[in-house]
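Listed here are the chains, written in short residue letters.
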Amino acid sequence: MLRDVYIAGCGMTGFGRAAGDLLDILEEAALAATEDAGIFSEIESVFVANMGAGILNHMSGLGSALVDRLCLYPTPAELVENGPASGGSAAKIGAYAVGSGAVDVALVVGGEKMRAVTGWEATDFVATLSHPQAEYIYGVTLPALAGMFARLYMEKYGITPEHLARVALKNHENGTKNPYAHIQQAVSLDGILNRPEAVVNNPWVAEPLRMFDCCPVSDGGAGLVLCSKEMAEKTGKPLVKISGIGQATDTHAVHEREDPIELKAVQLAAKKAFEEAGIKPSDVDVAELHDAFTILEIAESEQVGFFERGTGHIALEKGETSLGGKLPINPSGGLKARGHPVGATGVAQLVEIAWQLRGDAGERQVKNARTGFTCNFGGFGNNVLCFVLEREN
Amino acid sequence: MAQLEEVLRPQVWEFPPYPAKSIMLASGETMVVRQAKREEVPVMLKAAAALTHVERDFYDIVAARAYAELLGWLRYRVRDEYCLVGLIDGLLVGLVNGRSLSKKVGVSYHTIAMRRGLRIGAHLFASKMEYHVEYLGQQEVYIVAESPIGFRRWMIEYGLEKRPQVHHELGGVMSWSLTRDLYFAAKDRLVVGERPVSDELLEKSATITVLEEDALIQQVAGKLK
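Line by line, the protein sequences are chains R and X. Sequential numbering of the first sequence, starting at 1, is according to my numbering. Sequential numbering of the second sequence, starting at 1001, is according to my numbering.
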């Protein structure tokens, strides 16, 4: 990028089930971010992230619709659709717009209204991101792909159902400290795994994954105001810089990969983000990883470089990834508890890290956090975006 | 008057009691499921009345109908009705009710979860089926669902059979049936709980308490009524 890009404002809606429609969600997130920044009329470009409006809400043209809702015309606006990585993609494009000098201020808003349909329809909608001829027509869903991935990963590295459950325990506990989280309910190991009641409390979804290994279906939105350093300084808030962005893709169909548990796009996107920021994974103080399924938090924590391969579950077990641990992962509750409105997730991850770096994360604040990282995982690992954020001054 | 009341009141079958059991929930909290007593109906009515204001997930219609059924039981206008309650330290977190159509056939009325996300409704519905099949010894239970959630939980999870010839007491829609075979086929994965319940837990569950209306509505529906 030709110049540095900063997050001047951020905000989000409560995740869960929204009363209003998709535009209400996007508007609320946009206003939360712009009010936080104290910037509105200066916005020169709007990027809206969404995956499913066409299928779930019978809507299109969300960029112009949001600009109209905000009375921001004639500001240029567009929709960015990149599966569950739509939020990360919109943030990347917004950052490039500012970083290139094309605009001084960009508004990035991600939102999704998934609970307009049944859980079955939502699962089918998300499955449309899979390969149409090689996966989707055979009934493959994202939980099914994650189940197969989990089985291989667990066998190779000795991960047990208890390790998976511990991801859920940690993230649900974090979710109780996040007023925006979809699920604000702690769970216990006995209740979801060890006791006979677990068979009902936590039924199989796609063996070896159970209900508490899977993220909920959520509505929600998140917004960011991105700008130049000069503009960010005027807000009077701590400066949070986007110091690294990495993106990579992989084969559409998972079976075409040399090794289906090698998340190459995750590895490459993280490497690029760290290189661009000029830091190492060990420099990161707090991270938001894409735990749509508990196994993904463990796998990503290794494949972005935080832990050696096959040791992510050990770090989890030791409490290193908990709040108060060496590297807290998903202090927001992650997708697992904060929720996963697919188009909003990548933006919400950046919002959480910006709050953490500004010291605005309330009860879930990671002490002295100065460097943060996000990983937004699209498809089943076929389009991944990673960001490094740093606090200046 | 007493004579007229005798005419108005249905005959009663003194059915066997439901033995209390305890269930650990996902949260690690222990819920006691026990049979409610008639004199406890007023406190349950308070909870049901609050939920008639919640349109989300058909709570309003379920709560309104359950209110009427419980009131009917209290005032002796429903035959052979019972109610099971789910309690955490005495706090009402859910209830289920039903009645016996005959000694061989049960009728499921309603299932209300007053805390969500912990499968309380699933546990209580399973307890209700357990009561009909294992303690009342009935051959089948007629069931309908008013919400899509209920349809998924009962019709699909238990694989219920259709009974097109039976119009259920709730709204006259087609009944579905849980037979003994279906119940025992599902029991291992859907019916849980420990007996006997310790004296300490029973003591904590002896008196039913309910949340205030606003708190209960918030707990069930969040900001969305």
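It is worth saying that the hints were derived from the structure and are not from the lab. Do not rely on the hints blindly, as some may be mistaken.
[As the list claims (entries may be wrong)] Over the 12 Å line for every Cβ pair with chain X, so calculated as not near, a few chain R residues:
(1) Val187
(2) Asn194
(3) Asp259
(4) Leu268
(5) Asn393
[Said to hold, decoys possible] Have a look at the derived ranges for each label pair, beta carbon to beta carbon:
(6) R:Glu308 with X:Pro1148: 37 to 47 Å
(7) X:Arg1195 with R:Trp204: 22 to 32 Å
(8) R:Leu152 with X:Lys1103: 31 to 41 Å
(9) X:Gln1003 with R:Glu121: 21 to 31 Å
(10) R:Met59 with X:Glu1213: 47 to 57 Å
(11) X:Ile1061 with R:Leu152: 39 to 49 Å
(12) R:His58 with X:Phe1058: 50 to 60 Å
(13) R:Glu155 with X:Pro1042: 48 to 58 Å
(14) X:Gly1172 with R:Glu262: 53 to 63 Å
(15) R:Glu121 with X:Lys1162: 46 to 56 Å
Backbone N, C-alpha and C define an ideal beta-carbon position, used for all residues, glycine too.
Verification of the hints:
| no. | hint | in the structure |
| --- | --- | --- |
| 1 | Val187 | violated (5 Å) |
| 2 | Asn194 | violated (9 Å) |
| 3 | Asp259 | holds (34 Å) |
| 4 | Leu268 | holds (37 Å) |
| 5 | Asn393 | holds (37 Å) |
| 6 | R:Glu308 with X:Pro1148: 37 to 47 Å | holds (46 Å) |
| 7 | X:Arg1195 with R:Trp204: 22 to 32 Å | holds (26 Å) |
| 8 | R:Leu152 with X:Lys1103: 31 to 41 Å | violated (54 Å) |
| 9 | X:Gln1003 with R:Glu121: 21 to 31 Å | violated (58 Å) |
| 10 | R:Met59 with X:Glu1213: 47 to 57 Å | violated (37 Å) |
| 11 | X:Ile1061 with R:Leu152: 39 to 49 Å | holds (47 Å) |
| 12 | R:His58 with X:Phe1058: 50 to 60 Å | violated (24 Å) |
| 13 | R:Glu155 with X:Pro1042: 48 to 58 Å | holds (57 Å) |
| 14 | X:Gly1172 with R:Glu262: 53 to 63 Å | holds (58 Å) |
| 15 | R:Glu121 with X:Lys1162: 46 to 56 Å | violated (24 Å) |
The earlier numbered hints that this structure contradicts are 1, 2, 8, 9, 10, 12 and 15.
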